[in-house]
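With chain A held as given, fit chains B and C onto it using these hints.
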Amino acid sequence: MFREMLENVRERCPLIHNITNYVTVNDCANILLACGGSPIMSDDIGEAEEITSICGGLNINIGTLNSRTIPSMLAAGKKANELGHPVLLDPVGAGASSLRTNTALKLLDEVRFTVIRGNISEIKTLAAGSGTTKGVDADSADRVTEENLEQVCGFVKAFAERTGSVIAVTGAIDIVADGKKAYCIFNGHPMMSSITGTGCQLSAMTAAYVTANPENVLEATAASVCAMGVCGEIAYERLEPMDGNSSYRNYIIDAVYNLSGGILEKRAKYKIL
Amino acid sequence: MFREMLENVRERCPLIHNITNYVTVNDCANILLACGGSPIMSDDIGEAEEITSICGGLNINIGTLNSRTIPSMLAAGKKANELGHPVLLDPVGAGASSLRTNTALKLLDEVRFTVIRGNISEIKTLAAGSGTTKGVDADSADRVTEENLEQVCGFVKAFAERTGSVIAVTGAIDIVADGKKAYCIFNGHPMMSSITGTGCQLSAMTAAYVTANPENVLEATAASVCAMGVCGEIAYERLEPMDGNSSYRNYIIDAVYNLSGGILEKRAKYKIL
Amino acid sequence: MFREMLENVRERCPLIHNITNYVTVNDCANILLACGGSPIMSDDIGEAEEITSICGGLNINIGTLNSRTIPSMLAAGKKANELGHPVLLDPVGAGASSLRTNTALKLLDEVRFTVIRGNISEIKTLAAGSGTTKGVDADSADRVTEENLEQVCGFVKAFAERTGSVIAVTGAIDIVADGKKAYCIFNGHPMMSSITGTGCQLSAMTAAYVTANPENVLEATAASVCAMGVCGEIAYERLEPMDGNSSYRNYIIDAVYNLSGGILEKRAKYKIL
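Residue numbers (this note's numbering), protein chains in the order written: chain A, 44 to 316; chain B, 44 to 316; chain C, 44 to 316.
So here's chain A without its partners, still in its complex pose (with noise of 0.2 Å):
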């Protein structure tokens, strides 16, 4: 089943629009180009909707969010859900600033996504209405743990339920659900959390994912979240001794150029709660 959701991914080729902060914007268009998709990034309210409009694809990404690019992201939400195309948000920090939360909630508000992709703090800012992040990364008191993953995932499930969308939680173990079913994947390694941008990467690599296989959100979402895990593991057993973060970050974007459905298949690590 992964093996064609990245299959689909390399033959239909998506364009994907991002609105996307400047951090990690570079790594997004690549990470995009290795796995077979297209990027365009826009933001700017005179031509949001219409880069949508031609592309197959929407991804959402508040990280960096200013204030001249919040109307963009409303604007070009709105049409792909016009058009019926895939939208995809990553709340990146929500619960760290009201502005932050606010307008992730304001977007959950005006737009249906199809995925929201986040770490469990930022889940949790929305599913709450409100919350207190630590800066972009989890908080390791909401961390996900084999205790408490039956308990995550029925918070997740049900917050799933409530918007409609396929959400992915990301973290040690990753959770991919929609309504009813959850895939709890065990792939990746910690040196992921070591770069920055590895979750801005996913999200665009997943809006590809989705918008090439429209039927199957849920385990295009899930394949996605996978394959980033699985080429985090392959980029980890190539480092050299004097290999650190940087040469990682480039090994894993590698990885995902040269990643095969059925190297995807064999490493894939998951159960489905």
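It is worth saying that the hints were derived from the structure and are not from the lab.
Since this is a predicted model, take the numbers as computed values, not measurements.
C-beta: ideal position from N, C-alpha, C; glycine also.
Incorrect hints may have been included.
[Said to hold, decoys possible] Derived, one-sided and incomplete: chain B residues facing chain C with beta-carbon distance under 7 Å: (1) Y65; (2) N69; (3) N73; (4) E93; (5) Y300.
[To be verified] Pair ranges (Cβ atoms, derived): (6) A/S303 with C/A184: 51 to 61 Å; (7) B/S141 with C/E47: 55 to 65 Å; (8) B/F229 with A/R55: 26 to 36 Å.
Chains B and C in isolation, oriented as in the chain A frame:
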């Protein structure tokens, strides 16, 4: 001839003012340093003219175009014209939105460009005054091939004649032309399109080449385009089995850093039409 | 001493708020992670103070300065002062335009900086209240050499005395001084100037060092500057024949990731004046 162009960049170390997009800006800065130039990025109307004045050349790139920086592009462009500095336009995504098409046309109207570099769809959009690009990549219907090469060269020369600019159309085959003479360049590798921003990087580097070689704009542009292609080949040859587009990006900039005039001359593959 | 400074960063994992330019922002985030800190980038006036409040330190960098973010810099800087958080200023390009010079001076006027880090031309501009930098690189006329070292140290100490900030002037020889004591640091490699943003990266890392070592600002700044130089050396030693400035950039961040307190102490080359 190309050797001399390259060596002049290393010797004269031209300082280039870049008003550019936030996707590929870091790569543009690093390739400018790699080729022997020096970058400064600045896009605020409060300093655009002043920064242009202390530089040798100006590179205007309309990727991630926004309303705040359009006046800066116009002001810097006019100031550069006034000072006799070379100015390059990279009309990223012209044809993909009215904002980009109209801004590119307005820039063409109000600023005299020394060089315009884009893919064939972008250049056709500028020539026609309207267009339908698919995102930021060239439309496959527009592709330059051995079969239509002569015809496309005619079109490019005519557009060069009309604008008074050297036109660089890059793709599988690159064409660099003024009104009378076209260089058709066969260097490069298809994998270059799997990295974001090889076009932006080439534009930045070309601004350095023409600034260091003001008496030979056509040849300097052809040398820069050829250098980029040669470096794409060298970087490709360097790839190891686990490398992908991220390492390839690094290797291309590395190759620019190490490129000598002798290697450029030796590997250059072009004909003049 | 330097060892302890470095180890405190790894242990305390300071969260740093960065208001910075879009050229080198990704490298700043990755070097913060590499040294053991944690980055958050945010520049909108709607959240600047709130983000500063949840962080331990603030890094203000005026590269690609624009009118939208100047009020955010001032607001965040004042909030950090109020909370007793360390604040660092990187006056990129001060002297190159009135906008940058005046903004840097206004920041100096309204915010108390714990550390100011720049090249010699930028620091001279701040001290003089005006200047003529050539772009974002130091003017060669200003270069710090063994011959003028004592004299420059005097100038730097006087400026430190006047501002109450630790001043870090980086170049071939680095000077880190408060009003009484100057560390002259001889680590580093000339190739570091062939990468964009080694200065910005150093500023971000220094913000982490002083945030993790609030009782030893002078030594923490010297340790950070020394660490960057040592990593420039280690990265240089790692270069293979085909590597250029792009690989070198990665290797420096990798070296920061792998740097131990022991290696830092062992390779540190400095004298105190």
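message = For a quick check of understanding: which of the numbered hints are violated here, in increasing order?
response = Result: no hint breaks.
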